[in-house]
Amino acid sequence: MKTFKIFGVVAVVIGILTALTLESCSAEQVAAYKNKSGAQLWGENCIRCHTTPSPAAYNDTDWDTIGLHMQVRANLTKKQAKKIFDFIKSAN
Amino acid sequence: MMKKLILLIFLGFIAIGVKAQNNDFKSSKTQFMIRGYGHMGYESIKTNGNTESTYDGGSFSPIFMFKHSDRLMFESELEFEINEGTLEIGFEYADIMYVLNDYMTIRGGKFLLPFGTFMERLHPSWVNRMPTKPLGFGHDGIAPGSGVGVELRGAFRMGTSTVNYSFYNTNGPAIKTPNGVEPAEAGMLAFNNLIDNNNSTAFGGRIGLLPFANNSTEVGFSFYSTDKVGATGSPYENLGANLYALDFSFVKQLPSLGGTFDIKSQYNNSKIDNIVYTVEEDPGVFEDLNFDNQSHSFYAQISYRPTMSGDKFLKNLEFVYRYSEVRTPEGSGFESNKQESAFGLNYWISWRSLIKLNYQSITGEGGHDVIGSFDQKGVFLHWAIGF
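Same order as they appear, the protein sequences are chains A and B.
Note that numbering that gives the first Met the number 0 has the first sequence beginning at 0, numbered continuously upward.
Note that numbering that gives the first Met the number 0 has the second sequence beginning at 0, numbered continuously upward.
None of these hints come from the bench; they were simulated from the model.
You may find that some hints are simply not true.
[What the hints assert, rightly or not] Think about it this way: if two alpha-carbon atoms lie no more than 27 Å apart in a straight line, the pair counts; the simulated DSSO-like pairs of lysine-lysine are:
no., chain 1, residue 1, chain 2, residue 2
1, A, K81, B, K28
2, A, K78, B, K251
3, A, K77, B, K109
4, B, K28, A, K78
5, A, K82, B, K28
6, B, K251, B, K311
7, A, K81, B, K251
8, B, K132, B, K270
9, B, K314, B, K251
10, B, K251, B, K132
Nothing here was measured: the structure is a model prediction, and the numbers come from that model.
Here chain A stands alone, though its shape is the one from the complex (with noise of 0.2 Å):
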């Protein structure tokens, strides 16, 4: 029973997220938020964490081990991860 309460819970803080952040996005703001570039992903997202990363640290083979290692533990989409990582192998 407690666990349904739980879960009851947390089902309102979603809505409430949601409907939050659905609020006030035009389709330029939208656009540019899907296009940004590996680069600023790169600088946007590794340092939620840790800094950022060298690209030359690891060959590209080491660089997609990595990524799908941190698409997970970073809760990346896919398609973030594969910016990130295709800009860092782009720059070692």
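Let chain A serve as the given structure and place chain B on it in line with the hints.
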């Protein structure tokens, strides 16, 4: 003629060598990689008037990653650490993950729990800006760190925001009892429950929202709930537990202030059903401990690094302050009420290695093996590296 022949043979060897080299370095779909982190340091800690100074023997935490394909991966982390002169080996996680689609990944095994963000994302020594964990985490902590089970997680875009989520089912925690190794900790949850002790699992999850398009800010809500924490057949079997956490993160380079600000915070709350614990204080002397089994902890940390400075030395410096507190049930054997203030000065040698000079003050009451007031002052010098 002879010279030409030798030259041809020589060129032939080079061609064979180059071909062999190309074959050697041709990448395969499956990859195995070892990464990880470690640290060493020196610490001087004065606790209730007694000073202990020692080199910290350090830690070594290798992470093994096996990428089977673009969707399938196995990862595991071990932790070797010298604690009070003894080598301790920890089994942090070992899980298999499969990317179902762009927005969903399933994983199973022993994995770090996304209860807040500190234990899952921020605890590695080269990521944590402080040499220690905030109060409420780690040994005697009230927040779960890892669990054995299955998890569904992912992220998706919503307008110009990003939502990430995780839902999991694990063996759940076990409650410490008066018959355990540490009777004084009766009523505390042990989260390293590798085998389910009561056929009742725990459900948990976290919802994170990055509301702004620049991904600078993240707020998260986590929960963790189970109907049973005691072993089957024991008087504690039907005790339930409900935990939740709120977390906040803001990281952004602010040109007007010439550097990067990093703010992290997390609040943890734990409520376990009440019961009377009869503890043997001395041989033949029993005491009933009846208390409201609710605990909470909180930490907030702010760091500033002048990343836009023209001076190379200055831009690698980082100033950190952290406040944390923990309160465990009054009247319990593990009663505590402590507050911590910590100041740090870090120097980043590279993007994954830093030296931390830190001063910490913890005051309050109770805690592990402490009755009455607690006063601890510590100076730490740590060198951490990720690899």
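Checked hints:
1. Only pairs whose Cα atoms come within 27 Å are accepted, and A/K81 paired with B/K28 is accepted, the gap being roughly 16 Å.
2. With a C-alpha separation of about 22 Å, the suggested pairing of A/K78 with B/K251 holds against the 27 Å cut-off.
3. With a C-alpha separation of about 23 Å, the suggested pairing of A/K77 with B/K109 holds against the 27 Å cut-off.
4. Distance check on the hinted pair: B/K28 and A/K78 sit about 20 Å apart at the alpha-carbon level, within 27 Å; holds.
5. With a CA separation close to 20 Å, the supplied pair A/K82 and B/K28 stays within the 27 Å bound.
6. With a CA separation close to 20 Å, the supplied pair B/K251 and B/K311 stays within the 27 Å bound.
7. Between A/K81 and B/K251, the direct Cα distance comes to roughly 23 Å. Compliance with the 27 Å bound is thereby established for this hinted pair.
8. Taking the CA atoms of B/K132 and B/K270, the gap is about 22 Å. The hint holds against a cut of 27 Å.
9. Distance hint between B/K314 and B/K251 is fulfilled; the C-alpha atoms sit about 15 Å from each other, no more than 27 Å.
10. Taken as a hint, the B/K251 and B/K132 pair is honoured in the structure, with Cα atoms around 23 Å apart against an allowance of 27 Å.
Of the hints listed earlier, there is not a single one the structure fails to meet.
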